[in-house]
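Enquirer: Between the sequences and the hints, there should be enough to build the whole structure, so can you do that?
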Amino acid sequence: MMEKWNSGNIRLKQVNETLWEIPKTGGMRVPGRIYASRKMMDGIEQDQSLQQVANVAHLPGIVKYSLAMPDIHWGYGFPIGGVCATHRDDGVVSPGGVGYDINCGVRLIGTSLTAEQVRPRIRALVSNLFKHVPTGVGASKAIPRLSQAELRSVATDGARWAVEHGFGTTAQLDRIEEHGCLAGADTQAVDERPWQRGADQLGTLGSGNHFLEIGVVEEIYHDTAARTFGLHKGGIVAMIHCGSRGFGYQVCDDYLKVTLHATEKYGISIPDRQLACAPINSGEGRAYLGAMRCAANYAFANRQVIMHLAEQSFMETFALSQRELGFNLIYDICHNIAKFETHEVDGKKIDVCMHRKGATRAFGPGNENIPVEYRGVGQPVLIPGDMGRYSFLCVGTDRAMKETFGSSCHGAGRHMSRKKAMAESKGHDMIRELHDRGVEIQATGMRTIAEEMPHAYKDVADVVNVMHDAGITLKVAKFKPLGVIKG
Amino acid sequence: MRMEDFEELDHTADIAVRIRGTTFAELLQNAAQGMMALITGRMATGSATEIRRLEVSASGRDEILRELLSEILYLVATQRVIATEFMVEEIGEQCVSAVFRTFPMTEALAHDATEIKAVTWHGLRVDHDESGYVAEVVFDT
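As they're listed, the protein sequences go chains A and B. Position one of the first sequence corresponds to residue 1 (the working numbering), numbered consecutively onward. Position one of the second sequence corresponds to residue 1001 (the working numbering), numbered consecutively onward.
Incorrect hints may appear among the rest.
So, partial list: chain B residues that the calculated Cβ filter (under 10 Å) puts toward chain A [as the list claims (entries may be wrong)]:
no., residue
1, T1012
2, S1070
3, H1111
4, T1141
Chain A is nowhere near these chain B residues, computed Cβ spacing over 12 Å in every case [said to hold, decoys possible]:
no., residue
5, D1005
6, T1023
7, R1052
8, Q1094
9, E1130
Calculated pairs, EDC-like style, for lysine to aspartate or glutamate (alpha carbon to alpha carbon, straight line, at most 20 Å) [unchecked claim]:
no., chain 1, residue 1, chain 2, residue 2
10, A, K257, B, E1067
11, A, K420, B, E1008
12, A, K402, A, D346
13, A, K402, A, D351
14, A, K419, B, E1008
15, A, K480, A, E218
16, A, K64, A, D89
17, A, K4, A, D42
18, A, K257, B, E1093
19, A, K39, A, D459
20, A, K419, B, D1010
21, A, K131, B, D1112
22, A, K419, B, E1004
23, A, K64, A, D346
24, A, K24, A, D346
25, A, K131, A, E440
26, A, K13, A, D459
27, A, K420, B, E1136
28, A, K39, A, E3
29, A, K420, B, D1010
30, A, K426, B, D1010
31, A, K480, A, D223
32, A, K257, B, D1062
33, A, K426, B, D1112
34, A, K480, A, E116
35, A, K419, B, E1007
36, A, K13, A, D42
37, A, K131, B, E1107
38, A, K39, A, E21
39, A, K426, B, E1008
40, A, K420, B, E1004
For the record, the hints were derived by calculation from the structure and aren't laboratory data. Quick caveat, the model's predicted, so the values are computed rather than measured. Even glycine gets a Cβ: it sits at the ideal position worked out from N, Cα and C.
Expert: Spelled out as structure tokens, the structure:
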């Protein structure tokens, strides 16, 4: 297998067709490992993301490898697509390993509708969704502004708060990672500012790469799993991608300052200030985890409320009852998170703090942390692509448990900057071009549509295929978008 | 502010910028004005009536820059305003105070706005040479 030095002076060793290793050098405590095809690696080498994989390997208590999934790209501190487990007893937690949009994640919903029913009404449906689900910068007022007491309940109860306030059903909670609520949320650890920033944003999508998409099941790769999830070719699904809005951004920003001081206080050496961290068992580490869980719970509640708003829009557009529509939560996953999990490493079970920054949990069949009805096939892994091509549903495997701490990729990953995408979109009527490809889009601003143009992203099929070929996740179904709303 | 005083660099996922100023105070003013232009997608205009004042303290120039921009972001996010006409009033080694005007972020301005989630620490730097000050900042978007 190939071995080379890349332009950033990173030594790269190919382990097999889908896996590369950065050997341990200097202050790295473990090697780095990146899942990618040879073709993808040529692109990955163009930015600073490999250096970031090596930087993460410096964190105290890191276990086994600093990992990156094939949608890896240049982030701040951690690469996007980065996975890092640190020992719960003597490791660190890093806010940069979660990111600003704490518990940004994806929710997949099945329906009883077919493409034949939806295509003729897609424009009306998109318009209705756009009316009911606030999008864009500072989007607010999806639901009446919450009192500070209610907001604190959202932060401690997550999706359960939403269900108790009429947004969905109790049964849906079992179809959400961690049942839609991270235990140990500490509202006392959240400063005044996140509450202010998140006060009226519950039930809103926000802007950037966040979206609500209506798709049709175009291809089934795994019959048993598809049946288990209630999917069939030609069926209609909805996908929601968003996170904790301003609440989470502010928690992360506040705690980067706290952990920068902690990094100095505990004498931790890091190669990038954005990797600021604190020992998990220190006051600073515990406070960050308590505050981060509040933001994660806000995000779970946010997606739960948006699902309800979307259901109302579908019912209104197609004049269907709730029962006739069959809006059925398939699964909801986080892809920016830090959580305690137990994993088997070198034959021993150990407790770790899993950082997934632009990476998805992908637990294999039989795992007790996934819904009972899914244990035969594995945890659903939701991997959205760009708004013009397709998205995928996969399942986690035993191999993921052995190699990646039960983690997989989270999306296509950009390969073009927003600036370049804006320049390339000049002279193009993106709405018309997407319409010609069978996708109706409504967005708050034209700028988002230009920045999020399909070709600004890698082909998500390449990303998903690497994980499939590596045996980390298996493809179940492919969805083609029919309609999208964005910020 | 000249074009080269706030220059967008190529960054795959986020927005990286290089900011210049003949003095550190000017660099801060250019950074604040440039960030608002990034958010609104243009040099936003409006009837700026309200005068506001901000004071930040931090332990170095790079941290002062990050703190100032973060404070403005927080204000924009929570008060739904556009900030403009930044003027540094006082500047020290570890603190700065600035005055500026604000006007409401209208629906029309919000439509074409870009959300900046935060001012990151990644690659944050402020350098000084004979031509003045130059800084690099990565915004999470």
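Enquirer: Compare the distance between the alpha carbons of K131(A) and E1107(B) with 20 Å, and conclude whether the hinted pair is satisfied.
Expert: holds, 15 Å
Enquirer: Given the hint that K420(A) pairs with E1004(B), does the C-alpha gap stay at or below 20 Å?
Expert: Holds, at roughly 18 Å.
Enquirer: Report holds if the minimum CB distance from Q1094(B) to chain A is greater than 12 Å, and violated otherwise.
Expert: At about 15 Å from chain A, Q1094(B) clears the 12 Å cut-off, so the statement holds.
Enquirer: Between K257(A) and D1062(B), does the CA-CA distance stay at or below 20 Å?
Expert: holds, 13 Å
Enquirer: Do the alpha carbons of K426(A) and D1112(B) lie within 20 Å of each other, as the hint requires?
Expert: Satisfied, since the Cα-Cα distance of roughly 15 Å is no more than 20 Å.
Enquirer: Does K480(A) pair with D223(A) here, judged by a C-alpha cut-off of 20 Å?
Expert: This hinted pair holds, its Cα atoms lying about 18 Å apart.
Enquirer: Given the proposed pairing of K257(A) with E1093(B), does the C-alpha separation stay at or below 20 Å?
Expert: It holds: about 19 Å lies between the C-alpha atoms, which stays within 20 Å.
Enquirer: For a C-alpha distance cap of 20 Å, please report whether K131(A) and E440(A) respect it.
Expert: Satisfied, since the Cα-Cα distance of roughly 15 Å is no more than 20 Å.
Enquirer: Assess, step by step, whether the Cα of K419(A) is no farther than 20 Å from the Cα of E1004(B), and give holds or violated.
Expert: OK: K419(A) and E1004(B) at ~16 Å, within 20 Å.
Enquirer: Between K39(A) and E3(A), does the CA-CA distance stay at or below 20 Å?
Expert: holds, 15 Å
Enquirer: Mind checking the alpha carbons of K419(A) and D1010(B) for me, to see if they're no more than 20 Å apart?
Expert: holds, 7 Å
Enquirer: Can we keep the T1012(B) interface hint, with Cβ of chain A closer than 10 Å?
Expert: holds, 5 Å
When each numbered hint is compared with the structure, a violation occurs for hint 26 only.
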